[in-house]
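Engineer: What follows is the residue order along each chain.
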Amino acid sequence: MDFNLSEERRMLTDTAERFIRERYPIEKRHDFAASELGFSRAMWRDFAGLGLIGALMPPEVDGYGGTGEDIMLVFEALGRGLVVEPFLASGILGASPLIDTGDAQTLGQVMAGERLLALAHGEPDGRYALSHVRTRATQGAEGWRITGAKSVVFNGGSADTLIVSARIAGDADAEDGLALFRVDPHQQGVARRGYATIDGGMAAEITMGGAIGEPVGTPGEAYPMIERAIGRGILAVCAEALGAMEVAKDLTLDYLKTRVQFGQPIGANQVLQHRMVDLLIEIEQARSCIMLAASTLDAERTTRERNLSAAKHLVGRVGRLVAEEAIQMHGGVAMTWELALPHYAKRIVMIDHLFGDTDHHLERFIRFSREAG
Amino acid sequence: MDLSYSAEEQAFRDEVHDWLKQRLPKRLSAKVRKAQRLTKADYDEWHTLLGTRGWMAWHWPVEHGGTGWTPVEKHIFEEEMIAAGAPRIIPFGVNMLGPVLIRYGTEKQKAHYLPRILSGADWWAQGYSEPGAGSDLASLRTRAVRDGEHYIVNGQKTWTTMAHFANRMFCLVRTDPNAPKRQQGISFLLIDMDSPGIEVRPIITLEGEHDVNEVFLTDVHVPVENLVGAENDGWTVAKYLLNYERTGIAGVAASKQALAGLKRIAATERKDGRALAEDPYFAARMARLEIDLMAMEIFNLRLIAAAGMGKSPGAESSLLKIKGTQVRQEATDLLRRAVGPYAAPDLPEAFDEGWNGQAPGPDYALALARGYFNMRKASIYGGSNEIQRNIVAKHLLGF
Chain A
-17 MDFNLSEERR MLTDTAERFI RERYPIEKRH DFAASELGFS RAMWRDFAGL GLIGALMPPE
43 VDGYGGTGED IMLVFEALGR GLVVEPFLAS GILGASPLID TGDAQTLGQV MAGERLLALA
103 HGEPDGRYAL SHVRTRATQG AEGWRITGAK SVVFNGGSAD TLIVSARIAG DADAEDGLAL
163 FRVDPHQQGV ARRGYATIDG GMAAEITMGG AIGEPVGTPG EAYPMIERAI GRGILAVCAE
223 ALGAMEVAKD LTLDYLKTRV QFGQPIGANQ VLQHRMVDLL IEIEQARSCI MLAASTLDAE
283 RTTRERNLSA AKHLVGRVGR LVAEEAIQMH GGVAMTWELA LPHYAKRIVM IDHLFGDTDH
343 HLERFIRFSR EAG
Chain B
699 MDLSYSAEEQ AFRDEVHDWL KQRLPKRLSA KVRKAQRLTK ADYDEWHTLL GTRGWMAWHW
759 PVEHGGTGWT PVEKHIFEEE MIAAGAPRII PFGVNMLGPV LIRYGTEKQK AHYLPRILSG
819 ADWWAQGYSE PGAGSDLASL RTRAVRDGEH YIVNGQKTWT TMAHFANRMF CLVRTDPNAP
879 KRQQGISFLL IDMDSPGIEV RPIITLEGEH DVNEVFLTDV HVPVENLVGA ENDGWTVAKY
939 LLNYERTGIA GVAASKQALA GLKRIAATER KDGRALAEDP YFAARMARLE IDLMAMEIFN
999 LRLIAAAGMG KSPGAESSLL KIKGTQVRQE ATDLLRRAVG PYAAPDLPEA FDEGWNGQAP
1059 GPDYALALAR GYFNMRKASI YGGSNEIQRN IVAKHLLGF
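Chains A and B, in that order, are what the protein sequence lines are.
So the first sequence is numbered by our numbering: it starts at -17 and just counts up by one.
So the second sequence is numbered by our numbering: it starts at 699 and just counts up by one.
In isolation and in its complexed conformation, chain A is listed as follows (with noise of 0.2 Å):
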């Protein structure tokens, strides 16, 4: 067992985080947040000059990183951050499949940051369940036509290329008979209809009626490549959620420290401190998880999907009393948009609506427990 960082990933989480305490302040994120395409370019194209896109992939596909560890280090100091530009959407759950494929070309382009992609999987009535597709794709004279609608894409009124879940046989909840496609957002068959979240992010309702897709993988064989890329995306979120509560932790100790009452520090009172306390250790704990997860990211389905899960709902658990507290114990002032704070909190409470909840990973954890015996 080894807990150290290499040196390598160490100068990657040094790089990160300088880069983002200089260059990002709260101020530029919301100008960034609050511009028509919802993150800044320029900024992108700043962060894969510092082959921070590159460290999410592996060197099959020429990145030089791609491991749990590389995913949880770059997101935590995204987190610290919270950044907008899409990590996620392109870096990580459009970038799976292609990373599964192989496809080193396309990922070349994410990584120096010219091409965005972005997953469109979940559907309306979907809610966390991964096989849940409706979307249908049917292969004529002329290739896959694609037709259904996807919910909450992130990024997905941005992306150049999207990469769309399809049914091609089977029942709407079945794992069999989904596949995956290459699809040009900008032909005739897709609608988009983009909108900004509640932290701070874009996403979009895409409705494609016979839109023309490109297979990515084998049609019919796509679930595995799907779970891959939701379970990076969890591990990716439960790392940013760890960097956010780490600063809402920060603020809050120190607000405690200087905000004055009753002629003293608010902090000097024992139930303010012994609350600190607890979220410190359930932070740990969090982190302990995230750790683990990230560990076991390429091992075996069971181990590596139980972990995952394990963590995703921890960090739901743990992500919802450190947003509250932080908030509670700041007072007043935590309800106003000119404090970092709630930004943080926002961040974290939504997080758990991502890739499911922590009721949902608790019953999978659960399913998991009981396959692993």
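Since the hints were derived computationally from the structure, they do not count as laboratory data.
The reader is advised that the hints may include incorrect statements.
[What the hints assert, rightly or not] So these bits of chain A aren't anywhere near chain B, every CB distance computed over 12 Å: (1) ASP44; (2) ARG175; (3) GLY182; (4) ILE263; (5) PRO324.
[To be verified] Here are the computed lysine to aspartate or glutamate pairs in the EDC-like style, where the Cα-Cα straight-line distance is at most 20 Å: (6) B:LYS961 to A:GLU345; (7) B:LYS969 to A:GLU345; (8) B:LYS1075 to B:GLU923; (9) B:LYS719 to B:GLU761.
[Stated by the list, open to error] Partial selection, computed: residues in chain A whose CB lies under 8 Å from chain B: (10) PHE(-15); (11) TYR177; (12) VAL253; (13) GLN255; (14) CYS271; (15) HIS295.
From a predicted model like this one, the values you see are computed outputs, not experimental measurements.
The beta carbon of each residue, even a glycine, is placed where N, CA and C say it ideally should be.
Given the coordinates of chain A, work out where chain B should sit on it, guided by the hints.
Structural biologist: Showing chain B alone in chain A's frame:
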């Protein structure tokens, strides 16, 4: 970062596993599994076996007879020991006093006492708490007055675990009642339990068992050479002891064992025509516990590894103590609930060796309510969890 066990660590686990399989007496593991009362002879037998193998002193340097194990090896050993149903190692001599003597003892004290701890010749008790000095340990009042070559000790200690088995007790006493700070007038003494003037009275705990005692000291003569560290500097020694190696403070191995037992019971117990383990609400509570425990296992190893070989994690160990006791108590709560009405029958005689009576319900149900009530102590002893939060607030959060 690599969270898997290395080949060497796996080989070490196999070695420990095999040794326990061959050498841990079946009679003892059967008693531990049934939660039966262990006698002094049971513990002595086990300590002697470990001592002979050289596996008694995990936290001592090799030159004093310690194992020299890494934190991960200690963790593995503890896991295997508990999984095999071994009695716990009584910590007062080997884990507490041993490191203190190695650091603060005179050459004569080391030469005399350390081998006797390793061989199990001495059973030590811990004379810290008093009726008026629990969490506020520095307010202790047991008085030691120098009289020639002796200290004359008068006072009362309490919560003295296994003092009825002990032949010696290390003891905090007040040697200077007029010191400017309460912490400054305390000394650390080694006391023979067969000295005239010592009386041990049992304290029966809420579940009906006798593990802890009151110890009354009346004009007890203690040779001056039994002072450890400098006179009036006992607080330094006491803190060193409390802060020393705390590999086991999170109780990860014990909680894992409790969870495994809980899963077995939940698979056997029935609710609404199916196994209790299939009940969504109970399954969810078990799964939450398991996830907390998975996280805590990594958290524990992280902190211990960060502290480095043979060092203590300091205030971080308070984090482990709080979380570890929460998890342990949650496990005992679920165990108690798992057996429903059969948590209620209480047969104290069932915990004696050789009992072959019939339990009103399943055999495993008899110990569970007792276990739950007994484990309430965990968030109180060793510095209550509120004291631990004070320590973290001061040393890690800077309040």
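Engineer: Enumerate the violated hints, using their earlier numbering and listing them in ascending order.
Structural biologist: Going through the list in order, the structure violates hints 4, 8, 9, 11, 12 and respects the others.
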